[in-house]
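Chains as they are written, first to last, in my numbering: chain F, 1 to 386; chain C, 1 to 261.
Keep in mind that the hints were calculated from the coordinates and are not lab data. On a predicted model such as this, the values are computed, not experimentally measured, just so you know. Idealized CB from N, CA, C, for every residue including glycine. A couple of the hints might just be wrong.
Said to hold, decoys possible - Some chain F residues well away from chain C (every beta-carbon gap over 10 Å; in silico): (1) 49; (2) 145; (3) 154; (4) 228; (5) 244; (6) 285.
As the list claims (entries may be wrong) - Across the chosen pairs, the derived CB separations fall in these ranges: (7) C:112 to F:202: 37 to 47 Å; (8) F:363 to C:163: 52 to 62 Å; (9) C:12 to F:90: 53 to 63 Å; (10) F:20 to C:232: 37 to 47 Å; (11) C:81 to F:213: 39 to 49 Å; (12) F:21 to C:2: 23 to 33 Å; (13) F:175 to C:220: 30 to 40 Å; (14) C:232 to F:23: 42 to 52 Å; (15) F:311 to C:222: 28 to 38 Å.
Stated by the list, open to error - On the chain C side, residues computed to face chain F include the following (Cβ under 10 Å): (16) 128; (17) 132; (18) 136; (19) 138; (20) 155; (21) 161; (22) 163; (23) 165; (24) 167; (25) 174; (26) 175; (27) 182; (28) 184; (29) 228.
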Amino acid sequence: MKFFLFHLMPYADLDPDCAARHNTSWVTLPNSYYDPEKGAALYNRYIDELVRAENLGFDGIGVNEHHQTAYGMMPIPGVVAGALARQTKRVKITVLGRALPLLNNPLTVAEEYAMLDNISGGRLIAGFVRGIGAEYHAWGANPCESHARFHEAHDLIIRAWTEPGPFPFEGKYYQFRHVNTWPRPLQKPHPEVWIPSQGSQETIEWAAHPDRKYSYMMTFSPAVNVAKYLDMYRQAALDYGYTASNEKLGWSIPIYVAESDQSAVEEAREHIENFRNRFLKMPFEMLMPPGYTSPASYLRMKEAKSSIFAKQTIEKLMDLGMFLCGSPSTVRDQLIAYKGKLGFNILLPLLQFGTLPADLTAKNMDLFAREVIPALRISGDSEQIS
Amino acid sequence: MGDYSESRIKINGCEISLKRGGSGESMLYLHGAAGAGSWMPFMEILAGSFDLIVPEHPGFGASETPDWLDNIHDLAYFYLDFLKELDLRDVHLAGGSLGGWTALELAARCTFRLKSLTVCSPGGIYVKGLPLEDAFLWNAEESIRNLFHNQEIADRLLERSQTEEEKNVAMKNHFTTAKLTWSPRNHDPHLYKWLHRIDVPTHIIWGKQDKLLPVEYAEEYRKLIPDSRVTLFDECGHLPHTEKTADYCKAIVDAIGEFTA
């Protein structure tokens, strides 16, 4: 198994009262709640946490993109990835990912990722996403064009990396007389591509297609959904006529490890509940703009609205398998069981979440690296394919 | 309710559903974001004066969603084809909200088959300095309440439970509305430059308490369209055809009577 420390970089100093005054921490939460003095300190703390993952033995570190929200302070994740590229030497750096349909010019991503790949010495993993529904409210992009723009932008970026330039590109959404991206990526033919998603059949079938065979990462979802969508990827591969390796499948989940099960729950409770109930808080209309999903998924989400948007306790999140929390042996056993049951070989633990402060984050990272990772590496050796 | 016929017609590869009732000069009515799934009371009244034709737009209700439908211009060109296909002449073109915007785009392109234009609270232009709400962030209840001044109408609509089919149609209409109006929101930044081309008498109708598009827009349209007049309804939101049905129909019929006198 491979381990990537994933960070969302939340604005952890968010005024707790704003949850009572605003129905969301996204898009319309006034940016007067952002205190640049506190934010500046958080950025540097979080970058230090990611950098330290290299010495702790992680295989990689990951950042991602969200706009106009306290949930994550990385609207331009390449800035953070650039800092990480210089402060680390060994780990893979993954951006999970750039939200392609939001962009008027996807070639900026071809350039940004190529720069990161060069500067990091070929350690970039290129994540492409559509962005969650809220981004379409923040960025004005038409949610009905989300899939089509994603596919066209992706095709353009891969061609910009692999075809000798200059060449013209005439798409429905993007047109260029001279595609001629400088620099070219260092890795050949281009950086490995990962596709993170919360489960979309269309995205999974596209990622698993033999032309791409992109790795697929399930993000913050109940374990039952993780199982369903990882199975969907394997089935899609079989339908295409090949067997998908677990090396291609990953799971991103918040995890908290402490000395005992009881102390873990006590220490994590406030912070994971803030993550779920304060930072992720948004109304249905914001999460699901019309056209962002198929009509069927839209109706399913609408019917399930009350359960999806209800406040949740740490116990509920643990029951659902959306949060792993406990002593090292508890978390280790759970992960070994999930690994066997779900079939994945990439784990992207979120070891800082919500308002989890620096000292608890550091302890969580130390315990996870020292007492959880080694056991899973051993358990995973027989399946190592790469 | 009412005496009308329903049919389907295929134009430019897209089959749409069509309601038609009444007699007299033809009026083509272009519906708004909520669609035209039923023969509504205002249609019944207008059919007393006109040969009223109410298509469901491509992408709405029982009509097909064609691959070529990307923006409001596609809809305007579709209805130019529609007028030609049915060989309609001297048509009174009318539309509300999204349909009003479509009617303006059509008329700015070509008024050859038109005799008059009636638009009710249409999108289409953007007026700087007038704050607009983000209707795509309204929840289900707000999406109904904010359309009406008279909240008793909203209460009645909210009490009604939707059938599965109605839910599916409402979602289809909502998706297509987003496709056509998301960005630029509810307008075309270039339309204002060409509204002067509309050379048929034009009637602009607005509710004074419209929360979706403020009533100040009415005067902006009047300034941009040469032969145009404005009718405002007090105690009325975005949908005068529902909220002030009798007054709305009378205003339309009277104005067209004066246009053609």
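Here is how each hint holds up against the structure:
no.: 1; hint: 49; in the structure: holds, 34 Å
no.: 2; hint: 145; in the structure: violated, 8 Å
no.: 3; hint: 154; in the structure: holds, 20 Å
no.: 4; hint: 228; in the structure: holds, 24 Å
no.: 5; hint: 244; in the structure: holds, 32 Å
no.: 6; hint: 285; in the structure: violated, 5 Å
no.: 7; hint: C:112 to F:202: 37 to 47 Å; in the structure: holds, 43 Å
no.: 8; hint: F:363 to C:163: 52 to 62 Å; in the structure: holds, 56 Å
no.: 9; hint: C:12 to F:90: 53 to 63 Å; in the structure: holds, 59 Å
no.: 10; hint: F:20 to C:232: 37 to 47 Å; in the structure: holds, 40 Å
no.: 11; hint: C:81 to F:213: 39 to 49 Å; in the structure: holds, 44 Å
no.: 12; hint: F:21 to C:2: 23 to 33 Å; in the structure: violated, 49 Å
no.: 13; hint: F:175 to C:220: 30 to 40 Å; in the structure: holds, 33 Å
no.: 14; hint: C:232 to F:23: 42 to 52 Å; in the structure: violated, 34 Å
no.: 15; hint: F:311 to C:222: 28 to 38 Å; in the structure: violated, 50 Å
no.: 16; hint: 128; in the structure: violated, 17 Å
no.: 17; hint: 132; in the structure: violated, 14 Å
no.: 18; hint: 136; in the structure: holds, 6 Å
no.: 19; hint: 138; in the structure: holds, 7 Å
no.: 20; hint: 155; in the structure: violated, 21 Å
no.: 21; hint: 161; in the structure: violated, 14 Å
no.: 22; hint: 163; in the structure: violated, 13 Å
no.: 23; hint: 165; in the structure: violated, 12 Å
no.: 24; hint: 167; in the structure: holds, 7 Å
no.: 25; hint: 174; in the structure: holds, 5 Å
no.: 26; hint: 175; in the structure: holds, 5 Å
no.: 27; hint: 182; in the structure: holds, 4 Å
no.: 28; hint: 184; in the structure: holds, 8 Å
no.: 29; hint: 228; in the structure: violated, 31 Å
The structure is inconsistent with the numbered hints 2, 6, 12, 14, 15, 16, 17, 20, 21, 22, 23 and 29, although it conforms to all the rest.
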